[in-house]
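Note that the protein sequences, when read in sequence, are chains A, B, C and D.
Per this note's numbering, the first sequence starts with residue 27, numbered consecutively.
Per this note's numbering, the second sequence starts with residue 212, numbered consecutively.
Per this note's numbering, the third sequence starts with residue 832, numbered consecutively.
Per this note's numbering, the fourth sequence starts with residue 734, numbered consecutively.
Read the hints as simulated data drawn from the structure, not as lab findings.
No incorrect hints appear here.
Covered, in the sense of this in silico footprint (three residues per stretch, anywhere, with C-beta under 8 Å from a C-beta of chain D), are these stretches of chain C: (1) 851 to 864; (2) 867 to 878.
Here are the computed lysine-lysine pairs in the DSS-like style, where the Cα-Cα straight-line distance is at most 30 Å: (3) K837/D with K81/A; (4) K1118/D with K81/A; (5) K1452/D with K1385/D; (6) K328/B with K359/B; (7) K953/D with K220/B; (8) K279/B with K953/D; (9) K837/D with K83/A; (10) K1118/D with K83/A; (11) K1407/D with K328/B; (12) K113/A with K844/C.
Glycine included, every Cβ here is placed at the ideal spot set by N, Cα and C.
The lines below spell out each chain.
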Amino acid sequence: MQRGSRRRFLAAAGGLAAAVALPSTAAAQATRTPFNDMPDVIRRLVGSAQINPGKVKLGLPPLVENGHLVPLTVSVESPMTEAAHVKAIHVLTEKNPLPEVASFHLGARAGRASVAARIRLADTQTVVAIAELSDGSFWSDSTHVIVTLAACLEEL
Amino acid sequence: MIQLNINGKSEQVDVEPNTPLLWVIREQLGLTGTKYGCGVAQCGSCTVHLDGAAVRSCAVPVSAVTGKKITTIEGLAAGNVLHKVQKAWLDHEVPQCGYCQAGMIMAVASLLRDKPKPTDADIDATITNICRCGTFNQVREAIHAAAKA
Amino acid sequence: MADARIDVPATAKPGEIIEIRTLVRHPMETGFRRTQLGALVPRDIITRLVCTYNGIEVFRAELHPAIAANPFIAFSTIAVESGTIAFTWTGDNGYSVTASAAITVG
Amino acid sequence: MNSDNPNLSRRFFIIGSAAVGSGLALGLNIPFGPGIVRAADGSPEVTAWVVIRPDDTVVIRIARSEMGQGTLTGLAQMVAEELECDWSKVTTEYPTPGQSVARKRVWGNFSTGGSRGIRDSHDYVRRGGAAARTMLIQAAAEAWRVPAAECSAANSVITHQPSGRTTTFGKVAEAASRITPPKDVALKDPKDWKIIGKPVRRLDTLDKLTGKQVYCADLKLPGMLNATIKECPVFGGKVKSFDAAKVAGMKGVKKVVQVGDTAVAVVADTWWQAKTALDALPIVWDEGENAKVSSASIAEILKAGLDAPQAFIGNQNGDAKAAIAGAAKKVEAVYAYPYLNHATMEPMNATARYTADRCEVWCPTQNGEAAFAVTLAASGLPADKCEVYKIHLGGGFGRRGAFHDYVTQAVRIAKQMPGIPVKLLWTREEDMAQGRYHPVTQCKLVGAFDAGNNLTGLHMRISGQSILAAVRPQALQNGRDPAQFQGVAPSGEFEFGYGVPNLLIDHAMRNPHVPPGFWRGVNINQNAIYIECFMDELAQAAGQDPLEFRRKLMGKHPKHLAVLNAVAEKAGWGKPAPQGVFRGLAQMKAFNSFVAACAEISVSGGNKVTVHRIVCATDPGYAVNRAQIERQIGGSFVYGLSALFEQECTVKNGRIEQQNFNDYSSMRIAQMPKVEAIIMPSGGFWGGVGEPTICVAAPAVLNAYFAATGKRIRSFPLKNHGITMV
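Using the sequences and the accompanying hints, generate a full structural model.
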């Protein structure tokens, strides 16, 4: 939020008041045992479709110290029209306790298929971004990130 | 302006009189062989000679050394010839990280000036520098070798 | 710091792609950390961010424990008309926070 | 190297300063992009590991950090062995992490910790040397138009055997650098090694004797300013306010800056001015809840863990609890081990220069890649706009490996003064207050004997702080921190050396707020004291000799036993010691090496301990340089025994009480025992050297103290019991 001049809205709502909003699946997820089954999760996301390399650009630093706060960007080449746009971008990891990081759902109204977030990486590993396009095709990019702290702990 | 005689050269420095000699040596004169380790005269990394005697320069105000001959590690060798302590240190491969060794060498050079053939007890009583890498057995061997040189 | 900070341009031209940045204060407790007494700290995360533009959803994110504390999410949308861009974060333990910003398009 | 030349030759001055000068020149001037095959001085790079200059000088690239442990020389020996070069022509240089990123990590991991510098990289660095040799030979053969198979290399000379023609590496290096590296190369059989295994002289000694060696704290860049810093002394606390106006007019002061949420720094012309101003600067801290914590409150939490029902199991066989319940005789003891600071001789420091499109950092680091990672994060710039230059370390011991808080600080300060290089140097007091401390633990041990005095069960309950829980909680194994069981693990690098019919070793995790870190040896330090002192307690309870008692339990651990037997034999265990001298034993497997020690001490006045001699054996698989291994053994004992006798970091009002070497002392030469090293590499595996032996000194001395006095000391440091080392 560096653009101080453009930031003109601070919002705080009574967070806990809306207890009704708890979806039943969240409670189930909350107790999920750590297990990274990235290939299975990807398969569930894309079904029987092929995943093609290309179109997606995943931006992560090549090295991070502890992985607690890692800036992430994903952009996808797309005209972002009603006829041809990115429907979703999924980010996954191969060695975090759970593979899912985030899924971003967008459409033609986004204008540009580009998202940013800050993520956690538990270990030196490959991060994968998969884009689902409106024509049903899937495209992906992956990046290897070294968590330098992991090197201190190998086989301890 | 304070007038200093350091490694045989005359130097003038413009510092507060209570500035520790260590920081005058390191920051004003650019002689960084003398190290900062504790600032409270405990570790000996900052040892230099004042008129040949070892002192811990972190605890000596620069105003107290005018008129004295200061020798730092950079001034220990005689021109191109290593001091016998340096030579012994080389032969015995004393340093590990080496950060404390300039101070150690200066302390030992002063000891050998006072006691050319120090006993182990003399060494124990005089050399109280801290070395966290723990090269003490090589230090002791090298002192005896230097004493024989 | 309020719970949520959003960064939406106050004005835009019709058809302009605007960048929206959001930050919400939340520990995103992963469910993998341990307390001082070695007990597991239960998971407590924001699981979803929804952005609507005059009531129509234009962006949605599903979040997992691998999103860092104080989730920062940035995305874009096309300025189509004046009105309100609204945000709702929901998550574990009934968490729900909303924020909105007015935008003038013209 | 000519490093045994006592005269200050011209080379002395030129090479001595050139080593530093070229490093800096590389840092300041020379972009080093992908695909480049020339070193900074234009000499051809044969492989990423080997640059050969026309004068036959061999520059070997070293990715790991030299911090006194000798890894620079050891790794160079590895490359030189396969390269077949003239060892006297070898010099070294550090590639930078930025080059590593640009060249897809061609030099592998930079991390220098866990005693892994050599054992993790020996294979690929030797291959780097072997590939270069193959290419040099091929280049010569092509020039002579003869088959490469008819040529061989030795001592930097290539010979065409049939004709006897010769050339040198320097003459063919340019051509060799254009040859495609071989896909695979064969490595020498260890029995043919000529340089590995020899006690060759270190490559980095001379400059350390004359004041020429530039440590990072000595760095000077044009236009550089100096800074020093205070971070909230209560861990987790923040800066509430500070009154910069109070010091703004002081001589030399350029700026007072807040650094993150937690620290304040003063930037001045000189460091002494910065320190004087920071001492005078009023700072108000928001100390937070942790200000209530004390050593006593931490000890209470840990004590409760000793009997807590829930614990993570690290090693288990049979049913220890049942064996203890049904024992004819039980032995029980509780031990405790304190927080420790690394106290490297050179305090934490880093120099940074930031502009909107470039950030450069000069720092002492055990892991250049980690320093680079925090530089990227703190600067906010991409990898191709950042660079880190490793400058010689004044000690590491684990403080400069995993945590680069001091680099982050330096970048954050430099960001507030764009374009100006700023050197941040901590005071010793800051270094004591802002450590990443050896974690605190307690341990309860219960041994069970049957009526025949056979050990039937053992329960070792560790209660205390997990490093992993603090720094990488996601990597815990369902809550369990495997590193907690170093030295008592069921298998692997830290395998427990005893067979006990019913065994339970578990850990009740208790995590105080003090930030833990990796301190030379990590958790083997206290685990060795716990288990090896308790073994002596068990032997005593069984009325058996401590060596014989151990031997009976070590039938399935021949390598553990071999080092124990070696020290017992050399020390004369079982034979009378000199009058007043008492012996103690300990053994452990640590960092994949088998280590043992026998200490000989005497005690006067009941509390003045003289450690006369420690016989130490290590089996590290392969011994690359025995001279350096001996020095690591002696040095590790200084580190371990300083802690045993004199060191602890206590907590009061949430902060560390010790401030400097006056209240956190370290061994002096007068206290140093004679160290006799038995280096007995048995081959077939690679173990570490820098850390393993640290753990056996303390229990060996404690067991000897019991032999001398009949007293078991179970909490540390010994100074708290009025015991001093003389």
